[in-house]
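Anchor point for the sequence shown: position 197 equals 197 in the working numbering, and the numbering is continuous, going up by one each time.
A hint or two may mislead.
Each pair of labels, with its calculated beta carbon distance range [as the list claims (entries may be wrong)]:
hint: 1; residue 1: G69; residue 2: G19; range: 22 to 28 Å
hint: 2; residue 1: A11; residue 2: P112; range: 35 to 41 Å
hint: 3; residue 1: K256; residue 2: A63; range: 44 to 50 Å
hint: 4; residue 1: Y169; residue 2: E138; range: 38 to 44 Å
hint: 5; residue 1: Y226; residue 2: H247; range: 21 to 27 Å
hint: 6; residue 1: G201; residue 2: C227; range: 27 to 33 Å
hint: 7; residue 1: S155; residue 2: Q28; range: 16 to 22 Å
hint: 8; residue 1: Q18; residue 2: Y169; range: 40 to 46 Å
hint: 9; residue 1: T17; residue 2: L94; range: 38 to 44 Å
Simulated pairs of lysine to any residue, SDA-like, Cα-Cα distance not exceeding 20 Å [to be verified]:
hint: 10; residue 1: K88; residue 2: L68
hint: 11; residue 1: K256; residue 2: V236
hint: 12; residue 1: K88; residue 2: S128
hint: 13; residue 1: K207; residue 2: R27
hint: 14; residue 1: K78; residue 2: F58
hint: 15; residue 1: K251; residue 2: T73
hint: 16; residue 1: K207; residue 2: S155
hint: 17; residue 1: K251; residue 2: T3
hint: 18; residue 1: K250; residue 2: S62
hint: 19; residue 1: K251; residue 2: F265
hint: 20; residue 1: K88; residue 2: G69
hint: 21; residue 1: K251; residue 2: V236
hint: 22; residue 1: K256; residue 2: T73
hint: 23; residue 1: K256; residue 2: H231
hint: 24; residue 1: K256; residue 2: N6
hint: 25; residue 1: K256; residue 2: I64
hint: 26; residue 1: K250; residue 2: E235
hint: 27; residue 1: K207; residue 2: H189
hint: 28; residue 1: K78; residue 2: P13
Bear in mind the hints are in silico, worked out from the structure with no lab data behind them. Quick reminder that beta carbons are idealized off the backbone N, C-alpha and C, glycines included.
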Amino acid sequence: MFTELNSILNATPDSFTQGEFILVSDRQSDASFLIHHFLSFYLRARCKVCFLGLVQSFSHYSAISQRLGVSLTQAREKGQLIFLEGLKESLSILIPQETTTGSQAMDFLRDPTVGLQRLYEFVRSSVSSDGGGEEGVEEWGPPVLLVDDVSVLLSLGVSAGAALDFSHYCRATVCSQLQGNIVMLVRCHGEEAEDDGSDEGSEWLLKGLTHQCSLTLHVQGLPTGYCRDIHGQVEVCWRRRRGDGQHTQKKLFQYKVHDKGASFFAPGTSSAVL
């Protein structure tokens, strides 16, 4: 958990905004350190976390969280963390074995016509059941959905429109109905593309998700190129709806990732847009 980032976002495990959809994106850089931050943050906040790990194995996330002072194994054993290991689930479908018994969350790989309905049902079931009231079962705080990363769905044959529908339904359930939070990572490859009217691909997915979210953290490399002391920059953008429309505030921070955290440096640029 990165304390400097918490200060920027004005959040602590004891006090944070509920009902937020946080979009993390990167371009020619790696924003995965932010996913690890939010994972450790919400587990420390005693939230019920549903984590769709579509990129790495559970052991990968567990090893990094351990360095950040959080045990994913303990969180999963206690029922605080529900982890979908997308790599293993996909493999069990693409290379079926008699001994394999997985969930149906990735059934769109078997039958593309079902779309992401069963993945959404997996999320809804995970965040709706907290075990509260049952003897010997801990009661958790507001639910949180983490997705690393949603653009992987595109490479698995899911259309950008279907991915946006999935995020919309998740936001309606997690953020609006249950007053929990969502953190999604989307990756954009290469330079920023011009708007050519295409309704597919990661660029279009990024634009659609940006319209849905209330907070974005966009990670990119330094415009000046490689620097040993600074790894890149993060543009933080807050979107707030008010009576006279949507207000947007942006701030730019440079960062350096350490083994157990990250340092953020503000170059003094910010803007407010109505």
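Outcome of the hint check:
1. G69 x G19: 22 to 28 Å: holds, 27 Å
2. A11 x P112: 35 to 41 Å: Once the Cβ atoms are compared, 39 Å apart, the range 35 to 41 Å for P112 and A11 holds.
3. K256 x A63: 44 to 50 Å: Since K256 and A63 have Cβ atoms about 21 Å apart, the given range 44 to 50 Å is violated.
4. Y169 x E138: 38 to 44 Å: violated, 28 Å
5. Y226 x H247: 21 to 27 Å: violated, 36 Å
6. G201 x C227: 27 to 33 Å: With Cβ atoms ~30 Å apart, the hint holds.
7. S155 x Q28: 16 to 22 Å: holds, 18 Å
8. Q18 x Y169: 40 to 46 Å: violated, 19 Å
9. T17 x L94: 38 to 44 Å: The hint (38 to 44 Å, Cβ to Cβ) holds, given that T17 and L94 are roughly 39 Å apart.
10. K88 x L68: With a Cα-Cα distance of about 25 Å, the restraint between K88 and L68 is violated, given a limit of 20 Å.
11. K256 x V236: Holds, at about 16 Å.
12. K88 x S128: Violated - the C-alpha atoms of S128 and K88 are around 24 Å apart, more than 20 Å.
13. K207 x R27: holds, 14 Å
14. K78 x F58: holds, 16 Å
15. K251 x T73: violated, 36 Å
16. K207 x S155: Given pair K207, S155 holds - Cα atoms ~18 Å apart, limit 20 Å.
17. K251 x T3: With Cα atoms ~17 Å apart, K251 and T3 stay inside 20 Å; holds.
18. K250 x S62: Cα-Cα ~32 Å, so violated.
19. K251 x F265: Holds, at about 11 Å.
20. K88 x G69: violated, 26 Å
21. K251 x V236: Distance ~5 Å between K251 and V236 Cα, so the pair holds.
22. K256 x T73: violated, 28 Å
23. K256 x H231: holds, 5 Å
24. K256 x N6: Holds. K256 to N6 sits at ~15 Å (cutoff 20 Å).
25. K256 x I64: Between K256 and I64 the Cα gap is close to 16 Å, so the pair holds against 20 Å.
26. K250 x E235: Holds. K250 to E235 sits at ~7 Å (cutoff 20 Å).
27. K207 x H189: holds, 14 Å
28. K78 x P13: holds, 19 Å
Checked against the numbered hints above, the structure violates hints 3, 4, 5, 8, 10, 12, 15, 18, 20 and 22; every other hint is satisfied.
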